[in-house]
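Make a model of the complete structure from these sequences and hints.
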Amino acid sequence: MKNAFALMTGAGLALAFTLPAQAADIKAGQSMYQAVCASCHQADGRGQAIFPALKGQDAAWVTDKLERYRAGEQVGDNTALMRPHAQSLSDADIANVAAFIETEFAE
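Positions 1 to 107 (the numbering used here) are the ones given, in order, by the sequence shown.
Hints were generated in silico from the structure; no laboratory data involved.
Careful, some of the hints might be misleading.
Label-pair restraints from in silico Cβ distances [claimed, not checked]:
no.: 1; residue 1: ALA28; residue 2: TRP61; range: 18 to 26 Å
no.: 2; residue 1: ASP64; residue 2: VAL36; range: 15 to 23 Å
no.: 3; residue 1: ASP25; residue 2: ASP77; range: 24 to 32 Å
no.: 4; residue 1: LYS27; residue 2: GLY72; range: 26 to 34 Å
no.: 5; residue 1: ALA106; residue 2: GLY72; range: 24 to 32 Å
no.: 6; residue 1: GLU73; residue 2: LYS27; range: 23 to 31 Å
no.: 7; residue 1: GLN42; residue 2: ASP77; range: 12 to 20 Å
In this text, a Cβ means the ideal position worked out from N, Cα and C, and glycines have one as well.
And the structure:
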């Protein structure tokens, strides 16, 4: 009985950690990226000048950065530029744009 419970709990946790990526709305992420992110990070995610490339980044990396900016943490040299954008994002917005970046800009 204990083994069955442990197995079900583990399976439930694994499912819970995979659902946000699957539930992300990539189209909504694309719209947000084009409206907010592309002016600095470029339409193709390659970045420019002081704005880093997002091409090749996975959703977990993007999510981590945006959540840290949103929380007010000092993340890097561009924190002052990124914080206002990130602070307006909901968890769903972050999941959507992160899924779009991972999907569209995979290397």
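The hints, checked one at a time:
A hinted range of 18 to 26 Å holds for the C-beta pair ALA28 and TRP61, which are about 20 Å apart. Between ASP64 and VAL36 the beta carbons are some 18 Å apart, a value that agrees with the proposed interval 15 to 23 Å. With their beta carbons about 31 Å apart, ASP25 and ASP77 fall inside the hinted range of 24 to 32 Å. As the Cβ distance of LYS27 to GLY72 is approximately 30 Å, the hint placing it in 26 to 34 Å holds.
Look at ALA106 against GLY72: about 30 Å separates their beta carbons, and that is inside 24 to 32 Å. About 29 Å separates the C-beta atoms of GLU73 and LYS27, a value consistent with the hinted range of 23 to 31 Å. A C-beta distance of roughly 18 Å is found between GLN42 and ASP77, which places it inside the suggested range of 12 to 20 Å.
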